[in-house]
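Q: Okay, here's what each chain looks like letter by letter:
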Amino acid sequence: MKEKSQVADIDRSIYDITDVENDAYRMEEGLTPEIIDKLSKEKDDPVWMQQFRLQSLQIYNETPIPNWGPSIEGLDMAHIATYVRPKTNMKNDWKDVPDDIKETFERLGIPEAERKSLAGVGAQYDSELVYHNVREEVAAEGVVYTDMESALKGEYADMVHKYFMKLVTPHDHKFAALHGAVWSGGSFVYVPKGVHLSIPLQSYFRLNAKGAGQFEHTLIIVDEGASLHFIEGCSAPKYNVANLHAGCVELYIKKNAKLRYSTIENWSKNMYNLNTKRALVEEGGTIEWISGSFGSHTGCLYPMSVLKGDNSKSEFTGVTFAGKGQDLDTGAKVVHMGKNTSSYMNTRSISKSGGVSTFRSSVVVQKGATGAKSSVSCQSLMLDSESRSDTIPAMDIRTKDAAVGHEAKIGSISSDAVFYLMSRGMSEEDARALIVSGFADNVSKELPVEYAVEMNNLIRLEMKGSIG
Amino acid sequence: MKETIQINKLPTPTWNFLRVNSATVQWDSSIPTAEEHYTASDSPIKLCEGFGSKKVTISAGEGSTVTVVELVNPADASRTELDFELAAGAKVKLVQLLNPSNGALLIHRVTARLAEGAKFSLISAALGDGDIYTDTAVELDGDSSSLEADYGYLGMNAQKIDINLAVNHWGKKTESEIKANGALMDSAEKVFRGTIDFKNGSSDSVGAENETVLMLGDNVVNKTVPLILCAEENVEGSHGATIGELDDATLFYFESRGIDKEHASDIMARASVERIARLPGDGEFEKAVEEALVRQLKPQFEGDGEDE
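Which chain is which? The protein sequence lines are R and G, in order.
Position 239 (the first sequence) corresponds to 239 in the working numbering; numbering is contiguous.
Position 113 (the second sequence) corresponds to 581 in the working numbering; numbering is contiguous.
The hints are simulated quantities; they were obtained by calculation from the structure and are not laboratory data.
Note that the structure is a prediction, hence the values are computed from the model and not measured.
By construction, the Cβ of each residue, glycine as well, lies at the ideal position given by its N, Cα and C atoms.
Just to be clear, a hint being listed does not mean it is correct.
Simulated pairs of lysine-lysine, PhoX-like, Cα-Cα distance not exceeding 20 Å [unchecked claim]:
{"#": "1", "chain 1": "G", "residue 1": "K641", "chain 2": "R", "residue 2": "K409"}
{"#": "2", "chain 1": "R", "residue 1": "K255", "chain 2": "R", "residue 2": "K166"}
{"#": "3", "chain 1": "G", "residue 1": "K647", "chain 2": "R", "residue 2": "K409"}
{"#": "4", "chain 1": "R", "residue 1": "K258", "chain 2": "R", "residue 2": "K308"}
{"#": "5", "chain 1": "R", "residue 1": "K255", "chain 2": "R", "residue 2": "K308"}
{"#": "6", "chain 1": "R", "residue 1": "K153", "chain 2": "R", "residue 2": "K91"}
{"#": "7", "chain 1": "G", "residue 1": "K559", "chain 2": "G", "residue 2": "K641"}
{"#": "8", "chain 1": "G", "residue 1": "K628", "chain 2": "R", "residue 2": "K367"}
{"#": "9", "chain 1": "G", "residue 1": "K628", "chain 2": "G", "residue 2": "K587"}
{"#": "10", "chain 1": "R", "residue 1": "K153", "chain 2": "R", "residue 2": "K166"}
{"#": "11", "chain 1": "R", "residue 1": "K409", "chain 2": "G", "residue 2": "K559"}
{"#": "12", "chain 1": "G", "residue 1": "K559", "chain 2": "G", "residue 2": "K522"}
Now the stretches of chain G that chain R is said to cover, found in silico as 3 or more residues with beta-carbon under 8 Å [what the hints assert, rightly or not]:
{"#": "13", "segment": "470-484"}
{"#": "14", "segment": "681-690"}
{"#": "15", "segment": "693-703"}
When you get a sec, could you build the whole thing from the sequences and use the hints?
A: Below, the structure written as structure tokens:
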């Protein structure tokens, strides 16, 4: 029988500090056509968007809750405020952002990261962006990085109309329909042909309002032969009522273009994170997803790559850490449509203190996708027997000219490895934290160093509190 | 009276668009179900089933060794259910040929409950030209109980082969090993769902699952869904799947011996089922599988002869 000892949890203050709610406008709770109308008016939507929102609401009402995946019984849409506007409009200088909001982002390290290593930053607070800026030299190359609302009404309005929710339609699932009805905020990025951004852009989403939802929309178009690394971060303080995140990410990767989309998700543990992400990859294009899921009470997140063009590629590298009270259902989907396409998924999941981690994947190779190659590797670590770890992969292969491989393993931390590290002077807790960090290095080694450090800190933070 | 029944349910469902959460078939509920019961202790049982509906219960006594050879060759719709109860230390080997003809529907279900130290071995060959739905649920209740399952299949024409296996590890030090090897030709469609479920308390248990699918037809469809569900820390679970045509190394091996890709594919397709035929060491079963294979692959070999 293994001995278990307890160590107190360490401080999560940088994520959990709650600002006093001092909103300029808070929509009443619930979801009705009248509320959607009000939202459209608040946001001064063009006519097509007003209609789109109402159609999406109708689809939402007609679409059942999925009969698979984690329970979302604790989420009551009648008690979610779908729109909360902060007391400031969008600024392009941190000095102009109200102090309390600015301090929140300072604590999260966003302005510092912008100065050191980013080509542009967008910061959303509740339902609207409060800060957006892109370096002059990047803008000079024709790169567009702005908030969705500006893009919707400005010179890129036609482009937004052409691409908005065409890849993830409101018919996709209930929460995609919800997003279509109440979306607000998010970023629009266009990288022109042949432009390579050597340093990343980042959007950070902070939800401060209690009992509210965040529904930002991210639309990125990387034109032919261009490349981009986009980083997305998110967090919220913990409340005793449910919050909801139902964002949507649509990525268009044109011929021979490349996009790396990195996410470190650290929502608070009262959050229902029902996010939808999808990439359409054209001939010779590449999408790389890097995903770290640490927060949320319940999460459903399966970035999908549609390999439409010949010779297109996708890679998904992910780690999920489910601790006490968390049910994180994560993974990826890929559809091979073009010829000679390839996909690779490499994931790790960790379950601890009663957390439930599920890896779910789907690989579909269509009949015409000859020469397709796909490989899936998932490994799961169980840190105690209060927790759960499930792997639910599926492959649907419809051409003989394909090579598809899959492997998965579930196990626990090797006591020999812990003993080895302890014999060299480490405490048991540090030894286990080190082993778990190493287990998740598939993701950390793909992130810029600052984010890898943050991810390892999150793992250490999650590992505090129980050993054995 | 035909009714729609849902069978071969995945223990934990996934995306509906994949259409793998269950299978739906039409069954004539007016067909009466015959019931048989065997209390077995060290005696072989031969079950030769045609069409109709049948339910068989088999109890294997403590420490007994039982082999059940089941040849299912229906020419019309058939539904069979085998229910095994294995007492402590019992060893049961179920050897089955599922071989419908005339396009007959074949529905087959096996349940097994194992006490301490019991071992259940399933060797299954799926052939024929009708749709086959086979569902197996094994409960490893007793400590140190184990399951070994080995499937071979050859799907041809527009045949559907739908296999579902779920093994629940309840006892400590339980073991499961699931293997499936098969080939799909023409426009055959196959679903293989294999679930290893480590329940809380099943410490020191091990489960492994592996499937290799040879895709040989232009219109074949293969769906593979290998699940591991785990509520126990101290276990080891793994699964793997390889799906595709003959790999380059195998092709090179054949071609260096003067065998072209088409014939190499036929040889490998046969091999996936012939391997199963030889496994139990039962002459009658081996002969039945060989005959079924010859019937199934004959037209192709005749065609080859005419070309020469």
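Q: Has the given pair, K647/G with K409/R, been kept, meaning a C-alpha gap of at most 20 Å?
A: holds (16 Å)
Q: Count the residues of the segment 693-703 of chain G whose CB lies closer than 8 Å to any CB of chain R, then report whether that count reaches three.
A: holds (count 11)
Q: Mind checking the alpha carbons of K641/G and K409/R for me, to see if they're no more than 20 Å apart?
A: holds (18 Å)
Q: Take a quick look at whether K258/R and K308/R sit within 20 Å of each other, Cα to Cα.
A: holds (14 Å)
Q: Please work out if K409/R and K559/G have their alpha carbons no farther apart than 20 Å.
A: violated (29 Å)
Q: Next pair to validate is K628/G with K367/R; report whether the Cα-Cα distance is within 20 Å.
A: Given that 20 Å is the threshold and the Cα spacing comes to 18 Å, the pair holds.
Q: Three residues or more, CB to CB closer than 8 Å: is that satisfied between the segment 470-484 of chain G and chain R?
A: With 5 residues closer than 8 Å to chain R, the segment 470-484 of chain G meets the three-residue bar; holds.
Q: Hint check: K255/R vs K308/R, CA-CA at most 20 Å. Holds or violated?
A: Distance ~10 Å between K255/R and K308/R Cα, so the pair holds.
Q: According to a criterion of three or more residues whose C-beta lies within less than 8 Å of a C-beta of chain R, is the segment 681-690 of chain G covered?
A: The restraint on the segment 681-690 of chain G holds, since 9 of its residues have a Cβ under 8 Å from chain R and three suffice.
Q: Starting from K153/R, check that the Cα of K91/R is at most 20 Å away, please.
A: holds (17 Å)
Q: Within 20 Å, alpha carbon to alpha carbon, are K559/G and K522/G?
A: The given pair, whose Cα atoms are some 24 Å apart, is violated under the 20 Å limit.
Q: Hey, K153/R versus K166/R, does the alpha-carbon distance stay inside 20 Å?
A: With a Cα-Cα distance of about 18 Å, the restraint between K153/R and K166/R holds, given a limit of 20 Å.
The earlier numbered hints that this structure contradicts are 9, 11, 12.
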